[in-house]
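*Asks:* Residue numbers (the working numbering), protein chains in the order written: chain A, 1 to 267; chain B, 1 to 523.
If you're looking for bench data, these hints aren't it; they were derived computationally from the structure. Any given hint might turn out to be false.
Unchecked claim - Residues on chain B that point at chain A, a partial pick, calculated with CB under 8 Å:
{"id": "1", "residue": "72"}
{"id": "2", "residue": "74"}
{"id": "3", "residue": "76"}
{"id": "4", "residue": "77"}
{"id": "5", "residue": "79"}
{"id": "6", "residue": "95"}
{"id": "7", "residue": "97"}
{"id": "8", "residue": "227"}
{"id": "9", "residue": "291"}
{"id": "10", "residue": "432"}
{"id": "11", "residue": "435"}
No residue lacks a Cβ here, since even glycine has one placed at the ideal position from N, Cα and C.
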Amino acid sequence: MRTALAIARKELSVYFTTPWAYGVFTAMAALSSFLFVNLLVEFQLRQAEARATSWEQMSPNLHAYRNLTDGVVVPLWGIVIAITLFVAPFLSMRLFAEEKRNKTFELLMTVPVRSIELVLGKYLGGLGIITATLGTTLIFPLLLSLHGHAESGTALDWATVLLGFGGVLLWGATCMAVGLFISALTESQMLAAFLTFTVLLPWMMLTGVAQSAAEPLRSVLLHLSFDAQLHEMTRGILEVKALVFFASVIAFSLLLTHRTVEARRWA
Amino acid sequence: MKATHLGQYLGALGLMLLLSSPVTLFITSGSLGAAIVKAGLGLVLVGVYLATNLRSFRQFATSQASFAALRSTLIVLGVLCGLVALNYLAATKGARWDLTQGRIHSLSPQTVTALESLQEKVVAIGFIPPTHDANALLESLFQRYHEQAPERFEYQLLDPSSSPELAARFNLRPGQASVVLVRGEGLNAPHTTAASVSEQDLTNALIRLTSVGTQRVYFITGHGEWPLEKEQANPTDPGAALSELRRQLLHEGYAADAMYLVGTTDIPRDASLVIIAGARVPYTQPEVEVLRKYLAGGGRLLYFTDVGLEDGLGPLLAEYGIQLDEGVAADSQFNSGNPYVLVSKFYSNHTIVQPLVQRNLTVQLPMVRSLGLLREGMAPGVRVEPMVHTSQNGWVETTPAQNAVPSDGEKAGQLTLAAAITRDTSDVPDKRFGEARLVVLGDADLLLDSNWGHEPNRNLVMNALAWASHQVARITVRPPDREVSTLELDMSAVKRMRFIATDLFPLTLMGLGIAIWLARRHK
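Model the full structure from these sequences, guided by the hints.
*Replies:* What follows is the structure in structure tokens.
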């Protein structure tokens with residue numbers, strides 16, 4: 001494990017000393033900020049409507065706007081999840097592909113490092129960088145808690161906010177695991193990013209397919225859909241099935257990566 | 001082109017056909033024949049690939065790498081099977097925790113009570129297009145109802161466009177998202193529709209569907225009581241009406257009507273309940289006699305008054321053990337920043353307030369009138385039970401405009417703010433019910449539209465209504481709403497926030513990146 005942590009540290013230091021990671025941070029921050037401000041404006045409009053009439057008079061579909069958590073933070077996490085779908089492949093693409101392109105992968109195979117340590121080290125490095133990227137979005141709930149008001153004193157329901165952020169992190173961790181596996185398959189970083197995206201996007205959109213399918217396929221597809229699994233978590237509901245599902249995808253991706261790296265030894 | 005290359009292309013095509021055949025069967029065409037043809041063709045093309053690349057396979061099969069590949073495949077398949085089993089267990093048996101404040105995504109006690117009191121199976125049909133925003137919300141709601149009462153609550157989601165005959169049977173408009181609840185089976189099975197896709201409306205529809213007959217509630221009018229309709233409210237204060245209370249009554253299966261007492265000799269026999277809400281002009285003696293007769297014959301009355309109101313009903317209330325205090329109830333400790341706006345969590349063991357105790361809900365009563373409980377001079381068979389109190393720090397402020405501290409001669413200590421009274425009327429000839437029920441509350445403002453959003457108050461009122469009308473299943477806590485939290489930002493604050501979020505924040509990150517890059521270049 002010590003070797004894995006050393007590899008992770010090295011990965012992180014590479015990430016944090018290249019302008020590439022900051023470019024991704026900036027893109028993430030700029031996009032999510034822009035959409036966050038739009039959510040705020042929408043929230044204020046709905047609250048003004050409610051003040052003019054009453055919440056009881058408004059459609060139940062708009063009741064989410066009663067509260068900053070449901071009206072702003074929950075949709076914000078949905079947006080961050082969507083942005084992560086685009087950002088994560090660019091963070092995961094270099095993990096193995098760069099080693100292969102620079103011909104350092106063969107070198108790695110000759111040093112006394114077990115494949116499992118190599119895979120875990122790379123993954124932990126990737127996990128660190130995606131956590132840092134997604135961590136920048138915590139500034140938005142903090143801004144809201146500074147400006148918002150509620151009768152009980154706390155403008156935000158922090159349990160819901162943090163569980164939602166946990167869901168976002170889990171999604172980021174899953175993207176990195178899938179990206180790591182694909183990065184281990186090719187030496188082209190762009191191809192790795194593209195393939196990761198093309199795997200994750202339809203997977204994310206399984207909910208739409210499930211809705212038009214019949215049972216029991218519908219339930220299976222809904223269980224396999226990232227979107228459906230994350231939906232409840234961002235609303236403040238913790239489900240064992242979601243945790244097991246994400247842990248399974250991560251574990252399976254890491255296993256595939258490990259077997260791919262092992263295969264290089266035998267090739 | 002070489003045969004091996006051609007075989008590879010055909011093999012790739014075959015693999016795609018083979019793998020996509022379940023999609024054809026379950027999602028796109030639904031035709032078993034098309035799926036079999038695709039799978040068959042796919043297998044043939046994969047066979048062509050194997051035949052044309054036989055030499056490569058032989059080489060692979062005899063190499064050391066092939067054993068490693070075989071071992072990897074077996075490991076991967078084994079782990080995959082284990083993970084599938086684990087996910088199946090988690091999906092069928094996995095726990096679920098609602099971590100939201102107030103547990104707003106869990107079924108409310110009202111819903112649980114309604115589901116538990118179902119005598120026969122109810123089927124909920126959600127007529128909602130698959131692409132509708134509320135589709136997932138409705139399904140998760142149905143799922144939770146079904147989990148609570150798997151034997152008695154079933155559901156299905158239907159696309160209205162694909163089930164026009166059912167939509168026509170229930171008189172649904174095209175394109176409308178609706179929920180229909182059907183009790184029992186058959187074409188003539190009773191049904192009702194929910195007003196919207198929310199737990200409160202779904203549960204209200206469930207209660208309506210299973211109610212035997214309709215409870216009729218009369219609001220007495222003609223003495224300055226709060227009006228039932230929004231249009232009848234004072235234009236300067238449009239929230240001063242009882243339209244929200246009336247709406248909730250209708251949702252829960254009550255019929256609500258206004259009623260004049262002038263010129264009548266009796267309350268209509270179909271009255272399940274009579275409500276007096278904020279009367280400010282004294283009742284005439286014949287009107288008081290009508291009410292006296294009604295209560296003496298086992299009637300049910302909810303009486304709400306306010307500070308300073310004089311309605312001439314004091315002697316009648318005294319017969320039922322209640323005397324209204326003159327002045328404003330105040331509390332120096334349990335208030336919302338103003339001693340006249342009481343926050344109370346001091347309840348008795350009465351059925352009406354028990355659900356509030358269980359959920360730790362505090363009622364909030366602004367400018368409330370306290371009640372004195374009489375020990376003598378009452379009608380025979382009367383039993384008075386206080387329900388809501390102030391803390392021990394309460395007092396009756398007789399001059400609220402001058403000072404807000406207890407003075408000599410003012411009643412002090414734990415005050416009663418609401419009480420429930422019963423009277424045994426089982427021996428009365430031509431009685432309505434064997435027991436008269438009366439609830440007295442020293443605040444009528446909490447019924448107004450502008451105040452109806454306060455969840456604990458709303459539950460107190462609706463539970464009092466349910467107790468008085470003997471609707472035991474409806475004494476509960478209704479689904480909570482999220483607390484209203486607001487964001488009060490003026491233009492400069494919005495600009496500041498926009499500047500921080502969209503300008504300063506991303507540019508700081510970019511600047512940091514450039515600085516690190518430059519620092520590395522100069523090393």
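*Asks:* Now tell me if each hint is right for this structure.
*Replies:* Hints versus structure:
Among the interface hints, the one on residue 72(B) holds; its C-beta lies about 4 Å from the nearest C-beta in chain A, closer than the 8 Å criterion. The interface hint given for residue 74(B) is broken, as the beta carbon of that residue sits about 11 Å from the closest beta carbon of chain A, more than 8 Å. The interface hint given for residue 76(B) is met, as the beta carbon of that residue sits about 6 Å from the closest beta carbon of chain A, less than 8 Å. For residue 77(B), the interface hint is violated, the least distance from its beta-carbon to any beta-carbon of chain A being 11 Å, above 8 Å.
A least Cβ separation of about 6 Å between residue 79(B) and chain A falls short of the 8 Å threshold, and the interface hint therefore holds. Hint status for residue 95(B) relative to chain A: holds, with the closest Cβ pair at about 5 Å, below 8 Å. Taking 8 Å as the C-beta contact cut-off toward chain A, the hint placing residue 97(B) at the interface holds, the least distance being around 5 Å. Because the beta carbon of residue 227(B) sits about 16 Å from the nearest beta carbon in chain A, more than 8 Å, this interface hint is broken.
The beta carbon of residue 291(B) comes no nearer than 31 Å to any beta carbon in chain A, farther than 8 Å, and the hint placing it at the interface is violated. The interface hint given for residue 432(B) is broken, as the beta carbon of that residue sits about 33 Å from the closest beta carbon of chain A, more than 8 Å. Taking 8 Å as the C-beta contact cut-off toward chain A, the hint placing residue 435(B) at the interface is violated, the least distance being around 34 Å.
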